[in-house]
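Trainee: Single-letter residue listing:
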Amino acid sequence: MRANAILYALLGLFALCVPLLGIYPVFMMQLLCVAMFACAYNLLLGFGRMLSFGHAAFFGSAAYATGWLVTAHAWGPGAAILAGVVVAALLGLVVGSLAIRRQGIYFAMITLALAQLVYFVCLEAPFTGGENGLQGVPRGKLLGFLPLKSDLVLYYVVLAVFIAVFLFIRRVVHSPFGQVLKAIRDNEARATSLGYEINRYKLLAFVLSATLAGLAGSLKALVFGFVTLSDVDQSTSGDVILMTLLGGTGTFFGPVLGAAVVVTLQQYLSDLVGGWVTAIIGAIFVACVLSFRSGVVGELLAWRARRVKPAPP
Amino acid sequence: MTTVLGIPVAVILGQLMLGLVNGSFYALLSLGLAVIFGLMRVVNFAHGAFYTLGAFAALLGLQWLGINYWVSLLLAPLAVGLVGIVVERLLLRHVYGLDPLYGLLLTFGLALICQGSLHQVFGATGQSYPVPPALAGAVNLGFMFLPLYRAWVIFVSLLVCFSTWFVIERTRLGATLRAATENAPLVQAFGVNVPLLVAATYGSGVALAALAGVLASPIVLVNSHMGSSLVIVVFAVVVIGGMGSILGSIVSGLLLGVVEGFTKVIYPEASNVVIFVVMALVLILRPTGLFGKD
Amino acid sequence: MKLRMLTLAILAALAAAASGPTLAADEVVIGDIDDMSGVYADVMGAAGVEVVKWAVADFGGTVLGRKISVLSADHQNKPDIGAAKFREWADQNGLNFLLGGSNTGVNIAMAKVAAVKHVPIFNIGPGGASLTNEDCTAYSVHYTYDTVALANGTATAIVNAGGKTWFYLTADYAFGTQLQAAASKVVEGHGGKNLGAVRVPLGAADFSSFLLQAQASGAQVLGLSNAGTDFSNSLKAANEFGITKTMKPAALLAFITDIHSLGLPTAQGLYLTTAWYWDLNPETRTFGKRFYAKFNREPTMDQAGAYSATLTYLRAVKAVGTTDPDKVMAELKRAKINDLFTTGGYIRADGAMIHDMYVMQVKTPQESKYPWDYYKVVKKMSGEEAFGPITGLCPLAPAPK
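Chains as they are written, first to last, in the numbering used here: chain X, 5 to 317; chain D, 93 to 386; chain P, 15 to 415.
So here's chain X without its partners, still in its complex pose:
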């Protein structure tokens, strides 16, 4: 585990020094928000084995809530983020309780249908600005004194939240709750026979995942200063599935790596190859499913485990 700790420390150091290295802070913040979203999603997919096809609904609805409260009602950023998180949690509760009743592909289809409904509401509701989205969301002052208008200050705030979320997810997975979730994932029938109310555990995992996704969305609203329908769109849901798959479901660092790769690809590939980005992302998807199913980090871990295995006597 020392290797892990050293790695994380190095990454943390790197993250702290980002502004000094001349890397564009807004890009890094986008990356952190998306990575947070992917980690939240992985809690559901990797550790809970539930494929949700409409997770953008939680990300986006929190973003809209936060954006609207800050713009139209002059709330402070801290309170608005909290409100956004609550919105995502409530929505997660509603969607989760409806979807949990079914499994596998039906579960995915319910989340898809409900996500389309959320999209529709965001499209038609008067306060969301429809196709134009919410523009000019001010960043305000966190806790009354931290000026978030400065990219630098906001970057460290987002970084702190990201680290907190990452550690929280680790804690949840390693907790008794997380162990039961793993048991349910591996063999649901057996878990039921042991007396666990699996639906309760699944629902809690779903709500947790939705809440953290909402946190990522709320932060994103403040970072970019706008919220649009893309945030509740099918493609955003698809992107987060790809990131988690690519990085490695069921690992902690996988979604972060996946997010980093996909965001960088989308950002800089589109400058180079224009419209081929979609096709390339599709190809990566296919490659992941066919041969890379544990994702990059998963494969690396497995490779290392094989290396360490003692030779038979």
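Treat the hints as calculated values from the structure; they're not laboratory data.
Heads up, some of the hints might be wrong.
[To be verified] One-sided excerpt, in silico: chain X residues whose CB lies under 8 Å from chain P:
(1) N136
(2) G137
(3) G140
(4) G144
(5) S197
(6) E201
(7) L207
(8) F228
(9) F230
(10) S234
(11) Q238
Yeah, the Cβ is synthetic: ideal placement off N, Cα and C, and Gly gets one too.
Assemble chains D and P onto chain X, guided by the hints.
Mentor: Just chains D and P, lined up with the frame of chain X:
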């Protein structure tokens, strides 16, 4: 002008008629999906892409090779069906033993590749495909002018749908297919080439999608996005009908087309989502779908 | 352990790559953010970027002794992508000037960034007149056309030709609703009546049901308050369903590329309003020929507008001797514009570029004598007539008492 709930009867009838046309497309597309899912347990997210390919095959066939509509009706599904078989043999068969979600993700990735490539090569503006002269013109139904072509679409869809249903449910070939789904090794032991059968099934399901694409090309502009918005709706239709049921998908396809048409009269903005509302309700209240056998 | 390090190295490399191109120290940077691959890709798009580069080359390639470079990006019709790219270029690449391509929603978002970053933006592609009203900023110029001008041109022509009662098919987003509002105002102002409207989801596959509703209204005119494929699709469907037998279609926004893809047999007789047409005079024809040689089609008004806008900006920079945004904006609102795009055009306090607009009618197949000979001029409107008076909704331009 007689009205019902303040809406002229002519308008209601007109919308129901159009709903029937849309429903025919939904039925045809969901039929292909249901065949593939029912017989292979694969959720074919690439169905919309094959629909688009069918339309492009017709369009390019006309532009590059001068193939007319009637020939395209036969050739395009065959060509796209062959592509489907290749995809199945090369890619899909690797995910059969795994969690069905991998099949979904694989086909999702394939759809992205197809859509992205078509988009890049042909742009998104779309090109128009001419209505075949034999089907041009409209019929005056009194409450509306129904273009002959749309009536033709209804006719072909119903014909193809019920023929397929008949083949699968009532013929020996269909029985063999259904048996292969339930117990492949046993059927193989009887000397039936199961992998070939499976490949042919996928090819046929995909060919049905391509046929829908050819039928659609004189109606909508042929563009790279044709399939992507449609495929999600068609999934909803299949789920509502019951994911293993051929008849279910045909009937719910037609039904939902009509429901959508009706929504366009009362609350047009919601016409995009009404099918999802129905799907969510069905999944909650009657999970196996209207005709499903889980 | 080594593999984790490898992962770290990959991440670091990605992040380093992510820091993007370094600030080009002494260059004048021009950007073009447009729909390069979607519904409006042919209206300006990649060809538009080429045209901007032509303008730079025709100007001499340098201004104030500094080299001019051109950046381009695809906003994919998403306001967040457009605004994010604009901000990134302003922060990281020393962007001096931005051309905004199609899509009103994206341009509104980018205008807000312009106001914060103090980078002049010329909205070439969008139509929404709110860009010079509620959404105006001190650094944005609405260059080519707007929904008010379109309505004043096309709606007026149709009402005067006898189309008194209107029913609208409106794309359900800012551009569609603003265009409908402008047209409705014109119709009522000329003694006509607006019988109703139906809002259609953007990018709808099938318009037939909405068209049936339009027909049931009994209106004389079918107001197509949409653009791009929505426009072509809805017109095709209207023909198919015999709607055009009883209702006259009003193409409230149509580009020459739309007419080309529809074909003259379908599009003949349509009235439309445009800021520019390739076949107006020798100067426009030269540009048209140059464009045709490279792209095998004639340019739209947006593409001509992009060329003109680039030159206008560079001339202003040369005139004031600096790229300081405030000084350049002041000069832009002072000087007149005379080039292949417009004669006697000027930029108003609210940011609208006032110039002549043309009401055209699409020729019949018999009237068209050569490829792309699609329009005949019905009326030439002066800029003041087309764009109307200052409304006072923009804080920069209070309404005259």
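Trainee: All hints, please: hold or fail.
Mentor: Each hint tested on the structure:
For N136 of chain X, the suggested interface contact is upheld, since its CB lies about 4 Å from the closest CB of chain P, less than 8 Å. Below 8 Å, beta-carbon pairs count as interface contacts, and G137 of chain X has one with chain P at about 5 Å; its hint therefore holds. Interface restraint check for G140 of chain X: the shortest CB-CB distance to chain P comes to about 5 Å, inside 8 Å, so the restraint holds. Hint status for G144 of chain X: violated, given a least beta-carbon distance of 15 Å to chain P, over 8 Å.
This hint is violated: S197 of chain X has a C-beta 39 Å from the nearest C-beta of chain P, more than the 8 Å allowed. Of the supplied interface hints, the one on E201 of chain X is violated, with its beta-carbon coming no nearer than about 38 Å to a beta-carbon of chain P, more than 8 Å. Contact between L207 of chain X and chain P, as hinted, is not supported at the beta carbon level, the nearest pair being about 32 Å apart and thus beyond 8 Å. With 8 Å as the threshold, the beta carbon of F228 of chain X comes within range of chain P, its nearest partner Cβ sitting at about 6 Å, so the hint holds.
Taken as an interface hint, F230 of chain X checks out: its beta carbon lies about 6 Å from the nearest beta carbon of chain P, inside 8 Å. About 5 Å separates the beta-carbon of S234 of chain X from the nearest beta-carbon of chain P, less than 8 Å, and the hint is met. For Q238 of chain X, the interface hint is violated, since its Cβ never comes within 8 Å of a Cβ in chain P; the closest pair sits about 13 Å apart.
When held up to the earlier numbered hints, the structure conflicts with 4, 5, 6, 7 and 11 and fits the remainder.
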